[in-house]
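Required output: the full structure, derived from the provided sequences and hints.
In order, the protein sequence lines correspond to chains A and B.
108 is the number of the first residue of the first sequence in the working numbering; add one for each residue after it.
542 is the number of the first residue of the second sequence in the working numbering; add one for each residue after it.
Only pairs whose alpha carbons sit at most 20 Å apart, straight line, appear in this in silico SDA-like list of lysine to any residue:
id, chain 1, residue 1, chain 2, residue 2
1, A, 221, B, 565
2, B, 570, A, 201
3, B, 561, A, 213
4, A, 200, B, 574
5, A, 200, B, 662
Some residues of chain B that are not near chain A, with every Cβ distance over 10 Å (derived):
id, residue
6, 618
7, 643
8, 693
9, 697
10, 716
Okay, the calculated beta carbon distance ranges per label pair:
id, chain 1, residue 1, chain 2, residue 2, range
11, B, 715, A, 211, 44 to 54 Å
12, B, 725, A, 117, 52 to 62 Å
13, A, 113, B, 547, 30 to 40 Å
No lab work stands behind these hints: they were computed from the structure.
Even glycine gets a Cβ: it sits at the ideal position worked out from N, Cα and C.
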Amino acid sequence: MIEVKNIKKSFADKVVIQDVSSSMNSGQCNLIIGSSGSGKTVLMKCMVGLFEPDAGQVLYDGKDFTNMDNHDKKEIRKEIGMLFQGSALFDSKTVEQNVKFPLDMFTSDNHAAKMKRVNEVLERVNLVGSNKKFPSELSGGMKKRVALARAVVLNPKYLFCDEPNSGLDPQTSLVIDKLIKELTDEYNITTVINTHDMNSVMEIGDNILYMYQGKKEWEGTNKEIIFSKNKLLNEFIFASDFLRDAKEMRMLEETGKIPPNHKIDDLTSDNAKPIL
Amino acid sequence: MNFIKDIGRYVMMLKGMFSKPENGRMYWKEFMNQCSDIGIGSLGIVVIISIFIGAVSTLQTAYQLVSPLIPLSTIAQIVRDTVILEFAPTLTCIVLAGVVGSKIASELGNMRVSEQIDALEIMGINTKSYLIMPKIIAGLLMIPLLVVLSMALGIWGGRLAGTLTGIIPADAFDKGLRDDFLPYNVFFSLAKSYTFAFIIASIPSYYGYHVQGGALEIGRASTKAVVVSCILLLFSDYLLSALLLGK
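Quick look at the structure:
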């Protein structure tokens, strides 16, 4: 479980994160959503220690990560896997070497044991036979899968995914989402995902945190999001007619009716009040 | 103000390199890769410039020594001392600042921009230690070796040019090489090459490691790294000459 308590972060005079608190549960996909510049990536980087927050705490299973010394932080980081927006694969290494790298660095297993584990995770992300390829020879979806394999090769307790679907076609996005969800369930990982992808929100969002201009605007599950009356959240999530229709369909599925106060025109009315 | 900030961040970067390696074998592998990149990768250009520097030194020294009272072996002495004291360490290192420096800055810059450095940090690896330290140690090992090679090739190039053009017979050149040889000059040259090696490896590492932005910034960082390295090389060349050769 990861807890974020009153995190604040500024760059020069610009306040990027203001007093954000949340809890991210084990074995769940915890999504951070919000428009570009809302502070999602900065919050995630504060959580993994790539940025030092100005105030607040990040707790990993109750251990205060922000105030740890470097040695203890390193120990926590060994339990973290991260999938970066651009995959962040090592250009000069093959797929196999990329995935094997954390094993080489942090385990004393022999070569055969390491290769067994590498092949296991590559099989898990459907990349059998790509061992000797370099990142430049891979498609965007394959790169993400290699990065995912590298992130989970050490069986992390916490998995962070920054925009895992950016630049991918809808079908490949679904594959990546499904993989993340399955790995989260299989290994009981605390997964935190930054995303813009509404399909991910609806499909794998066990817990969703909506950020608006650096603040937490709304938090709930993918079921609750359908019924949310938060004006900003609705404007963000159901931006297109297609998505509004999809919302109404989902409401119909869930309740058998569409409440009148959720008509499209009401989404932007002044009467709509945030739940949180 | 930026200058002071840069110095501060540079010192912090060097300080941050010193930590217990996460895995000694991986650090050793990275060190050997860097030795190969810096040493073997620069061998060709060092061989070419060293031979030509020596050859041109011989021709130009002979051109200026017109008095019949000065023995021909003096040409070899002048070529020897010029190559050992200045040409081999300084010129070779200026070329290496371009070749090795731009490579280091662009490699680290690309790693920073494509989040590879962040990925290593997340894994719990001290990136300053894993990425920068092997480059500096490899530079400190390989660059003085290249300078020693450059000394030998420079003198040999001078001898070759002298004998091929008929300016100075081979035995006169060899006699000149042995006359009044000061081993201290080699020590001075090595002292310079160690100083230069540190500059060539650490300055581009600093600029590459701290790149922010995209491809354009990587190019800028690379250029800045080479320019600053060259200026510092020339400045330290003067400083070391004043300290170690001054009377």
